[in-house]
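**Q** Since the structure of chain A is provided, determine the placement of chain B on it from the hints.
Chain by chain, the residues run as shown.
2 protein chains.
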Amino acid sequence: MKWIRYTSNAATQYGILEDQRVVQVEGDPFNGYKKTGTVLDLSDVQLEVPAVPSTFYCVGLNYTKHISTEGKSIPGKPDVGYRANNALIAHGKDVVMPRDATKIHYEGELVVVIGKKAKDVSMEEAGDYILGYTIGNDVSERNWQSTDRTFWRAKNSDTFKPMGPWIETDVDLDRMETVVAVNGKEMTRFKTQDMLFGVERFISTMSQYLTLYPGDIIWMGTDGESPDLCDGDVVDVTLTGLGTLSNRFVRQA
Amino acid sequence: MKWIRYTSNAATQYGILEDQRVVQVEGDPFNGYKKTGTVLDLSDVQLEVPAVPSTFYCVGLNYTKHISTEGKSIPGKPDVGYRANNALIAHGKDVVMPRDATKIHYEGELVVVIGKKAKDVSMEEAGDYILGYTIGNDVSERNWQSTDRTFWRAKNSDTFKPMGPWIETDVDLDRMETVVAVNGKEMTRFKTQDMLFGVERFISTMSQYLTLYPGDIIWMGTDGESPDLCDGDVVDVTLTGLGTLSNRFVRQA
Numbered sequence: 009m010k011w012i013r014y015t016s017n018a019a020t021q022y023g024i025l026e027d028q029r030v031v032q033v034e035g036d037p038f039n040g041y042k043k044t045g046t047v048l049d050l051s052d053v054q055l056e057v058p059a060v061p062s063t064f065y066c067v068g069l070n071y072t073k074h075i076s077t078e079g080k081s082i083p084g085k086p087d088v089g090y091r092a093n094n095a096l097i098a099h100g101k102d103v104v105m106p107r108d109a110t111k112i113h114y115e116g117e118l119v120v121v122i123g124k125k126a127k128d129v130s131m132e133e134a135g136d137y138i139l140g141y142t143i144g145n146d147v148s149e150r151n152w153q154s155t156d157r158t159f160w161r162a163k164n165s166d167t168f169k170p171m172g173p174w175i176e177t178d179v180d181l182d183r184m185e186t187v188v189a190v191n192g193k194e195m196t197r198f199k200t201q202d203m204l205f206g207v208e209r210f211i212s213t214m215s216q217y218l219t220l221y222p223g224d225i226i227w228m229g230t231d232g233e234s235p236d237l238c239d240g241d242v243v244d245v246t247l248t249g250l251g252t253l254s255n256r257f258v259r260q261a
Numbered sequence: 009m010k011w012i013r014y015t016s017n018a019a020t021q022y023g024i025l026e027d028q029r030v031v032q033v034e035g036d037p038f039n040g041y042k043k044t045g046t047v048l049d050l051s052d053v054q055l056e057v058p059a060v061p062s063t064f065y066c067v068g069l070n071y072t073k074h075i076s077t078e079g080k081s082i083p084g085k086p087d088v089g090y091r092a093n094n095a096l097i098a099h100g101k102d103v104v105m106p107r108d109a110t111k112i113h114y115e116g117e118l119v120v121v122i123g124k125k126a127k128d129v130s131m132e133e134a135g136d137y138i139l140g141y142t143i144g145n146d147v148s149e150r151n152w153q154s155t156d157r158t159f160w161r162a163k164n165s166d167t168f169k170p171m172g173p174w175i176e177t178d179v180d181l182d183r184m185e186t187v188v189a190v191n192g193k194e195m196t197r198f199k200t201q202d203m204l205f206g207v208e209r210f211i212s213t214m215s216q217y218l219t220l221y222p223g224d225i226i227w228m229g230t231d232g233e234s235p236d237l238c239d240g241d242v243v244d245v246t247l248t249g250l251g252t253l254s255n256r257f258v259r260q261a
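Protein sequence lines, in the order shown, are assigned to chains A and B.
Going by the numbering used here, the letters in the first sequence line up with residues 9 to 261, in that order.
Going by the numbering used here, the letters in the second sequence line up with residues 9 to 261, in that order.
Isolated chain A, as found in the complex (with noise of 0.2 angstroms):
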């Protein structure tokens, strides 16, 4: 089942994807729903992103080619990272790249979205909590990672958090790979089973600390190499069964 996030007549709301026509709903994937019986075509709506997570989530180092890349070393457990809410944007929506950024990357990622409170879960548990699983793009500048004291604008400049286009409820995690592709030429591939460290571990560890809330959302990590991207690329970030997020990148007029 696939749950879309959407703007029809100025109001911002969840739907059912069903045969790119999108069933409109009263409520939200979160606390109940009903069908309303109104159905709409995709393209006559607004996608917007997801989720709009209380707390953003983010692995970082998940994937070991990734991680030599990085020049850092393999983490011995999971301890997860942020990202800002204020750098999110929907499939299909334009990355800006600020005048002064000077070499900037995608990163595809699988992004887990929680469905329930979780707090003291389990890893056997942990599956109960998830709603389902979007794609995002985290994306990065290099220059700015390596010389700013934290990652404010090398990661979470305005556009920097491409997230979409819906969510899958129904995936097999074991059976999937990201391909990430540059005007149309594919760049970098990755099995999603190729993490360190896997979906139910973050939540079960984390739980052990803090409360996830429905519509929190944990990037998962990326692998491989992204080039230099340029004013006009546009990026397909791709995961087997959760569709294509694609955003063109755009320099700052």
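Keep in mind that the hints were calculated from the coordinates and are not lab data.
Honestly, I wouldn't trust all of these hints.
Which copy is meant is left open, because identical chains are indistinguishable; a pair holds if it fits in one copy or across any two.
Said to hold, decoys possible - In the DMTMM-like style, the derived pairs of lysine to aspartate or glutamate whose C-alpha atoms are separated by at most 20 angstroms in a straight line are:
#1 Lys85 with Glu132
#2 Lys80 with Asp156
#3 Lys111 with Asp202
#4 Lys111 with Asp166
#5 Lys124 with Asp178
#6 Lys10 with Asp166
#7 Lys125 with Asp182
#8 Lys85 with Asp108
#9 Lys124 with Glu208
#10 Lys125 with Asp36
#11 Lys73 with Asp128
Note that the structure is predicted; figures quoted are calculated from it, not measured.
**A** Relative to the frame of chain A, chain B by itself:
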């Protein structure tokens, strides 16, 4: 003027504090309001955190004594960091020290509450985007802070971010002091004007790359040192003109 956020009759809303009484309003400080004519006793309402941010910013290193205590070098520019909403608790609520936490410290901080959407703002204009100020206690587990790869549990475990008691719109930062007391005994005192980078500098710098939204908060850093806190300790953080943020620290059962 003092804005409080409170719960009464199962509804959470903003009100104006006047002489220990809560003047009920329709609306809120960000989108406009009018007084309803209803007035409640402060003792009859449940105080809530005075803002729930879209993004929770925290400066980290902004006073020289604290920076040397942390063994860090003086930052050359204002690079902001992040904290997590799950950790926020109101004035008067207990900070729960996890069973395996061994070295818990307070950090008394000035908190800026953003009042209007801010992007590309000059230092001179920055003040126009501030609703007011409140108090934060950036509770930290120092062993996790030094051994984990990120601050996720060291600074963002549930209840580690007390904030309040309310938002004061009229302050004179140049005359303010932060005083932290444990069980009524003063332990730390520092002047707000000793910040390396001031509020306007941070807002202006951040807004060149990101949009600040109404209700976003910026915690401005701390100075001095904390003793190791024990089960039952009460920590009071007082800032001139802002009142006192008081929270008891209790060991997780």
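**Q** Now, for every hint given, state plainly whether the structure supports it.
**A** Status of the hints after comparison with the structure:
1. Lys85 with Glu132: within (18 angstroms within a copy, 45 angstroms between copies)
2. Lys80 with Asp156: both (17 angstroms within a copy, 14 angstroms between copies)
3. Lys111 with Asp202: Classified as neither; 27 angstroms inside a copy, 35 angstroms across copies.
4. Lys111 with Asp166: within (16 angstroms within a copy, 37 angstroms between copies)
5. Lys124 with Asp178: within (16 angstroms within a copy, 40 angstroms between copies)
6. Lys10 with Asp166: neither (27 angstroms within a copy, 32 angstroms between copies)
7. Lys125 with Asp182: neither (25 angstroms within a copy, 43 angstroms between copies)
8. Lys85 with Asp108: between (36 angstroms within a copy, 16 angstroms between copies)
9. Lys124 with Glu208: For lysine 124 and glutamate 208, only the intra-copy Cα distance (14 angstroms) is at most 20 angstroms; the inter-copy one is 39 angstroms.
10. Lys125 with Asp36: within (15 angstroms within a copy, 27 angstroms between copies)
11. Lys73 with Asp128: neither (32 angstroms within a copy, 37 angstroms between copies)
Going down the numbered hints, you'll see the structure goes against 3, 6, 7, 11, while the others check out.
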